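*Asks:* All chains, full assembly: derive it from the sequences and hints.
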Amino acid sequence: MAANEKFGPMRKGLLEFLILKVIDADRVYVADILRKLADTEFATQEGTLYPLLSRMRREGLVDYDWKESDSGPPRKYYALTGSGQAQLAELVAYWRLINKTIEDLGV
Amino acid sequence: MRTVTSVSLNGNAWQIETEGCAALAAYLKSAETRLAGDPDRDEILADLEQAIADKLSRHVSAHKNVVSAQELAQALKEMGPVETGAAPGPDAVAEDAAQAQTTASPDSPAPGAAEPAASGQPRAPGGPAGRHLFQIREGGMLSGVCNGLAAYFGIDVTLVRVVFVVFSVLTGGIGVAVYLVMMIVVPVAVTAEQIAAAHGKPFNAEELIGRPQGPQASFATGQHWRQQWRDQRRMWREQRRQWRRQQRAWHGAPYPGPGPGNYGPPPAGFGPVGALVRALMLIAFLCALVGAAAGRPILGWDWAALVPNWVGIIAVCVIYGTLVNQMRMARYYGQVGTYGPGYALVALFGSIVWLLVLASVGWYVVHHWPEVQDFLQRALQAIQDAFDNGPRNSVST
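Note that the protein sequences, when read in sequence, are chains A and B. For the first sequence, the positions run -18 to 88 when the numbering used here is used. For the second sequence, the positions run 8 to 404 when the numbering used here is used.
To be clear, the hints were calculated from the coordinates, so they are not data collected in a lab. Computed from a prediction, not measured in an experiment: that's the story for all the values here.
If you want a taste of the chain B side facing chain A, the calculated C-beta under 10 Å gives, among others:
1. Leu42
2. Ser64
3. Thr91
Glycine included, every Cβ here is placed at the ideal spot set by N, Cα and C.
*Replies:* Have a look at this one:
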């Protein structure tokens, strides 16, 4: 129980990392991102995602362009910018380092 | 049958059951508050509105174009609370800066229905959770003043109306004046947020959805109100007692205060003219009352075709009450030693002038103020609608 509570902030902090990964893999719009994360530990909702994406766009990590959809109004399709890709690479490297540290420590 | 409200979500109209609209407005309002410092606030709000609209579109089809309150609540639950990572709470400076920035950027979409409070509607201080006095047109008979008062005090609207009418008759029209003033001064609750504020209900999505509903809740508030009412009455009684003590101390006799029917013993010095005028007025009043009850035209004006008889009866009572009140004032001034009987005539003259001024102001307002005209028409229509099926005496033509 106590451990579970500690996972919350961890998940929150990693969400941005995962969104970078999802966007890097494919051009997606918000519903795609939600769907991809839905079955994972990082399932999230629009109320969280839109403000986060907006901030990431302001930081220059992602950008979007409008695309017509078959049903309904045009959608925002997100893609990584150069600095977004750089940050993703950095995060991936850092994540590996953390993993390695966790594996190595206490052995 | 359920009533439906049209709302705009990111530029498209949606038909939503009215009872669910408050939750939607609360969700968007809380999103707006939490995004207060965000430079892209308007854009995010538009995105959120669009996301809600996408969810709602699952529930409508060619044969069902209304979104139910449950479906809306489900959609809002799927949306999840708006999280910014920063601490929630509006920061006025940041908000203004954000607004200036977003209005300057060309690609900022319309904020849509998310800004009910910013559209020039007056908003009382004290936060949206506090209780504010509004006129509530929906369910109101005339302008919704009584409805708003009932919501404000958490009591039954019929009781407020009865009190208002009785108060008007007893005070000789002051109640009507109060109503008219409130009609002009008290803001009208338009948005769901304002209606919630009028009832003093929390306007926050989670609380709104989780609020206890049904008979228990209303029973609890009813109990609460009764207790308050008892306390209030006790206070009033105490106050009256105190007044009376003061009066005795001042005059050695009951003080002829400004209330009706409390002007002391019959005057000695007002003379037979006053008595004659009073008698004539009483006769005229009784005649008018009978005429009003029978629905006869007054001074050639066939008012009975426009309003039901009881309105005429109340109007006659109010007019008579006003006149008598003025007469009493005059008498009182004439009676109190310091002024003398000469002042009584002045006061009588003054009260006639006052009535004339009142009448001419009323005439001017009715003829030159479209809102008032509009209100009168609405009032007559409402009264007619309400009493079309009710009992009505014969209308002479």
